[in-house]
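Work out the full structure: start from the sequences and follow the hints.
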Amino acid sequence: MPDESAVGGQMRGRLKVFLGYASGVGKSYRMFDEARRRKERGQDVIIGALQPRVPDEIRTLVSSSEVVPTLDSGGVPVIDVEAILRRRPQVCVVDGLAYDNPPGSRNAHRWQDIEELLAAGINVVGSVNLQFIDDQRDAVARITGKTVTPTIPRSFLNGADEIVIVDIPSEALSEQAIRLREMALLLSADVIEAGLQRYLHSHGIESGLGMREKFLVCLTPHSNAERMIASGLRNAGRFHCDLLVVYVEQSHLTPSERTQLENYLAQARSAGAHVDVLQGQDPIEAILKYARSHSVTQIFVGHSLKSNPWTRIFGSPVNRLIRSARDMDVRVFPH
Amino acid sequence: MFASSLIEIMPTMPSVPKGRLRIYFGYAAGVGKTYQMLADATDMAKHGADVVIGFLDSQARDNDAEKDLPGIIPPLRFATRTGTAEEIDVEAILRRRPKVCLVDELAHSNAAGSARAKRWEDVQILLNAGIDVLTTMNVQDLASLSDQIWQITGLHIRETVPDWVLQQADEVVMVDVTPRALMHRLERGVVHAKRAATGTPAEIYQEPTLVALRELAIRQTAQALEARQEGRSGQAERGAERILVHVSANPATAMLLRRARRVADYLHATCIAVCVHSERSFSSIPEPVRQAIERHLQFAANLQIETVVLQDKNPARALVEFGRQHDVSQLFLSRPAKERRRWFAGLDFTDRVVQQARDLEVTVIAEPIREGRAPSAYPEDEAGAIMHSGFVRLPPDMTVDEAIGELRRQAANFEMIHYAYVLDESQHLLGIVSFRDLLSAQRSRRVREIMRKDYLSIPEDMDQRDVARLLAQKRLLAVPVVDPGGHMVGIVSSNDILSMVQQAASETIQKIGGMEALEGPYLSVSLRHMVQKRAGWLAILFVGEMLTATAMGYFSDEVSRAVVLALFLPLIISSGGNSGSQATTLVIRAMAMGELKLRDWWRVVAREVSTGLALGVILGVIGISRILVWQGVRGTYGPHYLVIAATIGCSLVGVVLFGTLSGSMLPFVLRRCGLDPASASAPFVATLVDVTGLIIYFTVASIILRGTVL
Chain D
1 MPDESAVGGQ
11 MRGRLKVFLG
21 YASGVGKSYR
31 MFDEARRRKE
41 RGQDVIIGAL
51 QPRVPDEIRT
61 LVSSSEVVPT
71 LDSGGVPVID
81 VEAILRRRPQ
91 VCVVDGLAYD
101 NPPGSRNAHR
111 WQDIEELLAA
121 GINVVGSVNL
131 QFIDDQRDAV
141 ARITGKTVTP
151 TIPRSFLNGA
161 DEIVIVDIPS
171 EALSEQAIRL
181 REMALLLSAD
191 VIEAGLQRYL
201 HSHGIESGLG
211 MREKFLVCLT
221 PHSNAERMIA
231 SGLRNAGRFH
241 CDLLVVYVEQ
251 SHLTPSERTQ
261 LENYLAQARS
271 AGAHVDVLQG
281 QDPIEAILKY
291 ARSHSVTQIF
301 VGHSLKSNPW
311 TRIFGSPVNR
321 LIRSARDMDV
331 RVFPH
Chain V
1 MFASSLIEIM
11 PTMPSVPKGR
21 LRIYFGYAAG
31 VGKTYQMLAD
41 ATDMAKHGAD
51 VVIGFLDSQA
61 RDNDAEKDLP
71 GIIPPLRFAT
81 RTGTAEEIDV
91 EAILRRRPKV
101 CLVDELAHSN
111 AAGSARAKRW
121 EDVQILLNAG
131 IDVLTTMNVQ
141 DLASLSDQIW
151 QITGLHIRET
161 VPDWVLQQAD
171 EVVMVDVTPR
181 ALMHRLERGV
191 VHAKRAATGT
201 PAEIYQEPTL
211 VALRELAIRQ
221 TAQALEARQE
231 GRSGQAERGA
241 ERILVHVSAN
251 PATAMLLRRA
261 RRVADYLHAT
271 CIAVCVHSER
281 SFSSIPEPVR
291 QAIERHLQFA
301 ANLQIETVVL
311 QDKNPARALV
321 EFGRQHDVSQ
331 LFLSRPAKER
341 RRWFAGLDFT
351 DRVVQQARDL
361 EVTVIAEPIR
371 EGRAPSAYPE
381 DEAGAIMHSG
391 FVRLPPDMTV
401 DEAIGELRRQ
411 AANFEMIHYA
421 YVLDESQHLL
431 GIVSFRDLLS
441 AQRSRRVREI
451 MRKDYLSIPE
461 DMDQRDVARL
471 LAQKRLLAVP
481 VVDPGGHMVG
491 IVSSNDILSM
501 VQQAASETIQ
511 KIGGMEALEG
521 PYLSVSLRHM
531 VQKRAGWLAI
541 LFVGEMLTAT
551 AMGYFSDEVS
561 RAVVLALFLP
571 LIISSGGNSG
581 SQATTLVIRA
591 MAMGELKLRD
601 WWRVVAREVS
611 TGLALGVILG
621 VIGISRILVW
631 QGVRGTYGPH
641 YLVIAATIGC
651 SLVGVVLFGT
661 LSGSMLPFVL
671 RRCGLDPASA
681 SAPFVATLVD
691 VTGLIIYFTV
701 ASIILRGTVL
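Protein chains in written order, with this note's numbering: chain D, 1 to 335; chain V, 1 to 710.
Certain hints may be false.
[Unchecked claim] Rough simulated footprint, nothing fancy, chain V against chain D, three-plus residues with beta-carbon under 8 Å:
(1) 183–196
(2) 322–333
[As the list claims (entries may be wrong)] Among chain V residues calculated to face chain D with C-beta under 8 Å, some are:
(3) ARG180
(4) GLU187
(5) GLU215
(6) VAL354
(7) VAL362
(8) SER440
(9) SER444
What the hints contain is simulated information worked out from the structure, not anything from laboratory work.
Here a beta-carbon is modelled for each residue, glycine too, at the ideal position from N, C-alpha and C.
This is the structure in structure tokens:
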């Protein structure tokens, strides 16, 4: 995505990330191959960091490139930010984004060094493996049984201008690797989505291009909340997306209704849903406004089975919601 | 017990193919799918596998000519209107029986005359014969995604592959480059040739569009991976959940089916599509409606959704009941009509289902919107829906002589041969020649030299009514339909429009007559249905007319004092009603023809004031003359006949003026309120004017006759 946000009067550099889901899929090779091609096209490329052990095939690739050596601080390689800033290349290649710098370094983490380079207008091409992303680490550990310590925050990855999944056909892969591959695909889809939303936002385009499902459960004290939350969680799980749960504040609740509702909301929160309480005269308007601003694709609402002559002729609030929410699916749960 | 009859259930499970299918999956032409596939195939061949190329476009063949490609099974050649088309020779491949066969472009539609309509069907044959197939496709070729694709790109993708084909793939390889890299390739000209060869429209090559497509492709790959994984480990609990999709003639049904298919795939649910009608039998559903339903049922079957047709007087209840009996957990419906509900019409179908579904969840599907427009899922209201592809094509470099020969050859195939369309090799419309042009041109000239370039063409999504208007205004027999890339996709002829207009016209006429549109031909509609449709309006009008009694009561003093006034009462109020109906009919017609827009109301007022005055004066003069003549002959009206004549004259002017004004404004008011102006039916205007006409008449009378008769 073209990102024209200028920092300090200077264009921010572009971050391109090669994402791998296991070692040995060849992400470093792919990255250095790209560095070589960029160099051939006349870009000023330097290498800011190499992995401690450089395989032969990569050694030949990087042999013709300029390397700004890492500082060795107690056995940990640290990017020489100062030297790179002085050198001012167009592109800096960093093999391995997830490193913790030793105490006393300029920054605590390597990704913060990268931020500095980007802010100075230097484009960075880097590589990282799935298990080093902070919100993926535990899930990967559950599959592989291995936990890693240094991580990079998801928000840093979401800021990437380009992401490349380095993939190999899965026929040869173990079941474990296939699951990691799926995680990497979904992660990169989410990073792309974040970039897309950023682009749309900076260009003043009203959503509508979101490729990701998002479910919103609207609770009232009387709704069949357990079923709605369970169904919402199940759907969000299957579609690999977030679940939002809201309640529109109503003044006329009895204390027991209020406790009931608090229980539901707590339940949703502990199940990993994002919970909000909305204010608004007209609950339907409040829900729609919230849903639109959060790019929701499906709204879950409860619908009372008690009907009276009025609703039989003129329709209930649910009918009104269905009519107004043209751009979202509305799923009605009877109670 | 419940009275719905099950007509047919069409099970649609595919047989499990024996060959293995590997799909190279990408998000746009130019990402390198074919390249990757060829590289892998060459590798396989090197390792001793028996690999052949079943189909590869000539572009890719030329590019990789120096490479060590596997053997090619020569494609079948079909003579088409623009030259020759090459299609995969399934028979030859089956005879050759390779281990692995390469087939590029899975989404391709075969040329007319091929054994199967789609290339993916050819591939099924190969797989069933135990041959492994490597093939390529883009995310936008996936049938269930076409609404999202439309939202991203604004393009209606015509060549699609059903989702189950992708799901059945043993392997999906995502061929990925970043959009930026793809744009670089485009700038360097690498992509262009590929794009042109595959007919991918240029519009999609914009970064945000590519980014969105890429994200979709990645998610799809992840989903395919997960589905296969679960299939392998036996976790797929298909049948655990059932989704029921309501099939109707509503054009949004196609979108509904796609969405349901997609959700069902994600949730591992099964899908069943149900159509409920209230006619005596499926075949007695009136024509355009039945066709639409049949098309939607066919579409459901293509997406491997089981279809059921039910017959019941109460479709909403029948649908819910069917769901209950078949353990359905979710009911998928399309949105209620956009038009604001008329309160007396009661709740519409969607609302009724929501209220009936006591133990079922109901999901009402979104209608994606792009730049303020809703999509045309099955574009019923767009030019694309009524066009057909039976038109005469000519290459630009043909001579007139050859062209005439070509026309003679093609003439038998086509109904509409007044124009021939000049297309280049990639189906771009270059110009149009009429038969007259051809016959009157020199035989040795080229088609290119005599064709007209100042032709009129229409986009696929043009509203049918606008097309009708255009054809009428320009007096055209047919107009070419062109997609955003300038490719000609079909023609709309005046015949196509005629049948569409006839249907629309009968709906409008029935509404003007003060009833809801009948759902069938006049003679075959049941008596009960006929009465139902008509009674509601009549009752409302009747209650309205009761106001005249109230008004009369108010003026009972005047009537009792001057009985002569009562003599003219029917004359006065029916003149008002007549003039009002006349004005309404004229305005509705002008609106329907697009001559009048909402903002023209004041021009109508200006015209109707003078017209109303003139008409009132004319009727007034006739009325006065009659009084004078009768008075002269028989002395019917007594000594005050002059004031009575003046009363009648003035009242007529007032009533007729009011009638024309209210009659002409009512359609505007209704349209402003979002209602169909055609429902401003003439009887409604008449009722309105009757009551007010009465008041005008007696008010005028009480002013003029005070002190004389009264």
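Verification of the supplied hints:
Under a criterion of three residues with beta carbons nearer than 8 Å to beta carbons of chain V, the stated coverage of the segment 183–196 of chain D is upheld, 8 such residues being counted. Figure legend: the segment 322–333 of chain D, annotated as covered by chain V; annotation consistent (11 residues with Cβ-Cβ distances under 8 Å, at least 3 required). Taking 8 Å as the C-beta contact cut-off toward chain D, the hint placing ARG180/V at the interface holds, the least distance being around 6 Å. Annotation: interface hint on GLU187/V violated; nearest CB of chain D at approximately 12 Å, more than 8 Å.
Taken as an interface hint, GLU215/V checks out: its beta carbon lies about 4 Å from the nearest beta carbon of chain D, inside 8 Å. The beta carbon of VAL354/V is positioned within 8 Å of a beta carbon in chain D (closest approach about 6 Å), and the interface hint is therefore held. This hint holds: VAL362/V has a C-beta 5 Å from the nearest C-beta of chain D, less than the 8 Å allowed. Against a cut-off of 8 Å between C-beta atoms, the interface hint on SER440/V is violated, since the closest Cβ of chain D lies about 52 Å away.
Hint status for SER444/V relative to chain D: violated, with the closest Cβ pair at about 52 Å, above 8 Å.
Hint compliance for this structure: hints 4, 8, 9 are not met, and every other hint is.
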